[in-house]
Amino acid sequence: MKTTIRRAASSAIPRALRERRLLQGQQGFERRFLPWAFLAPLLAVIVGVVGYPVARTIWLSFFDGEYLQSGPFVGLQNYRDIFADPYYTGALVRTTLFAAAVVVTTILLSLAIALVLDAAPRAARVLSVIVLLPWAMPRVASGIVWKWMFDDQYGVVNWLLVNWFGLDSFNGYSWFSTGTPAMVAITVAVVWHSVPFVAVSLFAGLRGTHGEVVEAARVDGASAWQILRRIRLPMIRPLLVVMTTISTIWAYQSFDHFLVMTTPPGGPDHSTEVLSLLTWLEAFAQLDQGSAAAMAVVLFLMLAAVSVLYVRLNREDVR
Amino acid sequence: MRARNLWRGRVAVAIGLAGALALAACGGASDSGANSSGEIKGTIDFWMGDPIGDAQQPIMQKLADDYAAAHPGTKVNLRFLGKDAHQTYLTSIAGGSVPCVALIGNTWTPEFAALNALEVYANDPKTLQGTYVPGMIESTIFKGKSYAVPYDTGVRALIYRKDMLEAIGKTAAPATWQELREDALAIQAKNQGVNGFGIIGGAHWYYLPLIWNWGGEIAKQSGDKWVSEAGSTQSVQAFQFYSDLLTKDRLSPAGASAWTAADVDKSMGLGQTAMMVGGSWDLRTILKQSPDLEGKLGTAVLPKGPGGNNDTFAGGSNLAVFRECNNKAVANDFVKFMMTKENLVPVTSNLGLLPATNDALAQEKATGSFSAPLFKAYAEQADHTRSIPPVASWGKVEGANSIVNAMQSIMSGKKTADVAMKELADQVNQAIG
Chain A
1 MKTTIRRAAS SAIPRALRER RLLQGQQGFE RRFLPWAFLA PLLAVIVGVV GYPVARTIWL
61 SFFDGEYLQS GPFVGLQNYR DIFADPYYTG ALVRTTLFAA AVVVTTILLS LAIALVLDAA
121 PRAARVLSVI VLLPWAMPRV ASGIVWKWMF DDQYGVVNWL LVNWFGLDSF NGYSWFSTGT
181 PAMVAITVAV VWHSVPFVAV SLFAGLRGTH GEVVEAARVD GASAWQILRR IRLPMIRPLL
241 VVMTTISTIW AYQSFDHFLV MTTPPGGPDH STEVLSLLTW LEAFAQLDQG SAAAMAVVLF
301 LMLAAVSVLY VRLNREDVR
Chain B
320 MRARNLWRGR VAVAIGLAGA LALAACGGAS DSGANSSGEI KGTIDFWMGD PIGDAQQPIM
380 QKLADDYAAA HPGTKVNLRF LGKDAHQTYL TSIAGGSVPC VALIGNTWTP EFAALNALEV
440 YANDPKTLQG TYVPGMIEST IFKGKSYAVP YDTGVRALIY RKDMLEAIGK TAAPATWQEL
500 REDALAIQAK NQGVNGFGII GGAHWYYLPL IWNWGGEIAK QSGDKWVSEA GSTQSVQAFQ
560 FYSDLLTKDR LSPAGASAWT AADVDKSMGL GQTAMMVGGS WDLRTILKQS PDLEGKLGTA
620 VLPKGPGGNN DTFAGGSNLA VFRECNNKAV ANDFVKFMMT KENLVPVTSN LGLLPATNDA
680 LAQEKATGSF SAPLFKAYAE QADHTRSIPP VASWGKVEGA NSIVNAMQSI MSGKKTADVA
740 MKELADQVNQ AIG
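Chains A and B, in that order, are what the protein sequence lines are. By this note's numbering, the letter at position 155 of the first sequence is numbered 155, and the numbering carries on one by one without gaps. By this note's numbering, the letter at position 239 of the second sequence is numbered 558, and the numbering carries on one by one without gaps.
It is worth saying that the hints were derived from the structure and are not from the lab. Check each hint, because a few of them may be wrong.
What the hints assert, rightly or not - Ranges of calculated distance between the beta carbons of each label pair, as one might list FRET restraints:
| no. | chain 1 | residue 1 | chain 2 | residue 2 | range |
| --- | --- | --- | --- | --- | --- |
| 1 | A | Tyr154 | B | His390 | 51 to 57 angstroms |
| 2 | B | Asp403 | A | Ile58 | 23 to 29 angstroms |
| 3 | A | Ala141 | B | Asp403 | 49 to 55 angstroms |
| 4 | B | Asp482 | A | Met137 | 38 to 44 angstroms |
| 5 | A | Ala141 | B | Gly627 | 56 to 62 angstroms |
| 6 | A | Pro121 | B | Arg398 | 52 to 58 angstroms |
| 7 | B | Ala691 | A | Trp59 | 54 to 60 angstroms |
| 8 | A | Leu160 | B | Glu485 | 37 to 43 angstroms |
| 9 | B | Thr450 | A | Thr96 | 54 to 60 angstroms |
| 10 | A | Tyr87 | B | Glu498 | 36 to 42 angstroms |
| 11 | A | Tyr154 | B | Lys360 | 55 to 61 angstroms |
Ideal placement from N, C-alpha and C gives every residue a C-beta, glycine not left out.
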């Protein structure tokens with residue numbers, strides 16, 4: 001009885017409608033699955049080169065490691081070990097302070113350069129190429145050059161400080177025999193390397209703020225400073241957020257400069273050891289890839305947190 | 320190249336780590352010339368790092384080609400590993416994809432032997448005496464067996480300015496460390512702007528041997544284990560002495576606590592340093608940089624310490640055959656070929672290192688590159704060498720720079736020598752225990 005009714009009902013649906021539904025189903029399939037089919041090859045590559053190493057590193061961090069081979073499962077012991085290690089916690093604090101110094105200096109300097117470029121749009125065409133040059137230099141090479149420039153005996157930095165600024169105490173001043181001055185020298189080198197990209201990006205952002213709003217403010221009698229602070233900087237805020245985030249990540253990852261500028265790497269006496277360097281030493285000098293993986297995971301989580309923060313801030317901006 | 324995105328940002332370290340592991344996992348016997356018949360036929364892989372740069376590449380390539388030419392049907396695939404050689408070896412051992420023959424740093428030999436990667440060369444190392452320089456045999460031994468053939472050795476000696484020493488009324492190089500200190504102070508007082516002695520705080524090979532000179536040991540064997548002696552009175556006094564040369568006597572600028580040999584070479588070349596401990600390779604660098612110094616420089620064996628010896632570290636390389644080599648007939652034959660005087664001396668002369676066989680060393684001393692007056696001291700010093708403790712995990716001690724960090728903490732005054740050396744002993748024991 002029931003079946004007859006249903007059959008009758010189904011036959012009651014007009015043929016055109018049924019065809020449309022069929023078509024919609026097909027479209028639904030296409031909409032739902034086809035994009036994935038096209039994305040699949042790329043996703044496979046991403047999973048292979050990003051997902052696998054990350055998963056593998058997390059996995060390794062739960063094992064004892066010796067000579068690049070996995071030992072027994074140790075649970076969270078590697079994490080407990082590294083946080084109990086004063087050299088690691090020292091590096092954690094040092095890296096954070098270093099990152100803060102690098103980011104603040106980079107953003108302020110870059111903004112200053114961007115404003116100068118923006119004020120002279122014609123010269124900027126040539127100038128921005130010159131500004132970008134340090135960025136094109138390999139970091140290891142720039143690290144070596146900076147090390148020479150900070151050399152206590154023959155370096156140009158000490159020479160300038162003594163002869164131009166009259167700071168006689170810098171005569172033969174040794175930048176790399178204690179921690180703090182060494183960190184200052186490395187900060188200078190890293191900032192020099194990070195500024196170009198940020199400056200040119202901010203310059204591009206500032207170029208887009210010359211519209212009616214600024215014109216209107218000017219007509220209303222706003223000063224250049226007011227226009228910059230109240231109008232132009234808020235307009236490029238999303239860009240500033242991105243640049244700050246990227247600079248933070250770069251700073252936390254700094255490795256090359258530390259490796260080539262200090263003797264031994266991270267020295268003297270551990271005073272310039274940063275997280276990336278310590279991870280590398282743990283993996284390839286101590287050959288304990290379990291602890292190294294744990295260090296990498298912690299750094300990964302910290303940088304992931306920075307990235308989440310960036311996404312959040314950006315979303316609020318859109319609103 | 321710098322188009323970094325956030326993903327890359329997050330995982331760079333992870334990729335670095337995992338990349339090495341992936342590499343290790345891709346292993347597998349790679350030698351194509353598998354040969355177990357004992358016939359001299361087939362292909363072998365021969366790897367080497369380049370501790371002194373790429374100058375040695377052409378001459379090594381020629382030897383590999385010569386061998387193949389002399390033994391039809393064989394081929395030697397030569398691969399230069401560059402500065403990351405140690406890591407490359409470890410990765411390939413972990414992945415089971417090793418070369419047949421390799422020229423490895425002598426301090427790596429016990430480490431690789433402990434990983435069960437090397438073929439035993441001599442069950443009784445005593446049989447090697449007479450053929451090889453004694454200090455170099457030591458470096459091939461692990462748990463009583465020899466795992467490699469000593470190939471070349473580099474020793475350090477005293478390089479000094481004859482003219483400056485003469486100006487303070489001395490005709491001979493200082494014979495003891497105390498005398499060196501006094502001479503350096505006198506030279507410094509007489510020559511403004513000259514460092515009396517080039518201190519090299521950034522590389523432990525320049526002061527670790529002082530422990531021997533003071534009558535101590537770097538580590539002692541106790542049963543099956545090695546125990547660090549860094550905390551001993553002799554070790555503490557030796558490190559204190561070296562640190563005092565910088566901090567009390569100011570024989571080098573403050574920055575010398577982080578100096579490497581290259582810094583002192585430069586300073587010496589510029590006429591700003593009067594004496595240094597340096598290898599024959601340092602001497603060559605200085606002379607190349609400042610040829611006019613040739614008549615002014617002198618060399619001598621190292622000064623003795625209160626312990627009555629002037630022993631120094633025998634650096635150098637060993638030729639090893641890997642256990643997983645599948646053409647040991649050619650591998651062993653090739654090693655023999657490399658070790659003949661005719662094939663060894665051209666290489667060592669070219670590198671400025673001493674050959675590790677006695678017959679080749681005699682030739683170098685008599686007519687070779689070490690017969691020149693300025694280089695004689697190195698050949699003499701070769702008789703006064705020792706090896707670092709033959710412990711598998713010594714590489715960790717070096718890799719972690721524990722010794723350099725200890726010296727720098729004494730130099731900076733952050734720790735007393737007593738505390739720093741006790742801590743060093745703990746660290747070393749943790750690494751080698």
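Hint check:
1. A:Tyr154 to B:His390: 51 to 57 angstroms: 52 angstroms, holds
2. B:Asp403 to A:Ile58: 23 to 29 angstroms: Holds, since B:Asp403 and A:Ile58 (Cβ atoms, about 26 angstroms apart) stay within the stated range.
3. A:Ala141 to B:Asp403: 49 to 55 angstroms: 18 angstroms, violated
4. B:Asp482 to A:Met137: 38 to 44 angstroms: Holds - the Cβ-Cβ distance for B:Asp482 and A:Met137, about 42 angstroms, lies within 38 to 44 angstroms.
5. A:Ala141 to B:Gly627: 56 to 62 angstroms: The hint (56 to 62 angstroms, Cβ to Cβ) is violated, given that A:Ala141 and B:Gly627 are roughly 48 angstroms apart.
6. A:Pro121 to B:Arg398: 52 to 58 angstroms: 54 angstroms, holds
7. B:Ala691 to A:Trp59: 54 to 60 angstroms: 58 angstroms, holds
8. A:Leu160 to B:Glu485: 37 to 43 angstroms: Roughly 39 angstroms apart at Cβ, these two residues keep to the hinted range, so it holds.
9. B:Thr450 to A:Thr96: 54 to 60 angstroms: Holds - the Cβ-Cβ distance for B:Thr450 and A:Thr96, about 57 angstroms, lies within 54 to 60 angstroms.
10. A:Tyr87 to B:Glu498: 36 to 42 angstroms: 39 angstroms, holds
11. A:Tyr154 to B:Lys360: 55 to 61 angstroms: 57 angstroms, holds
Violated hints, in rising order: 3, 5; the structure is consistent with all others.
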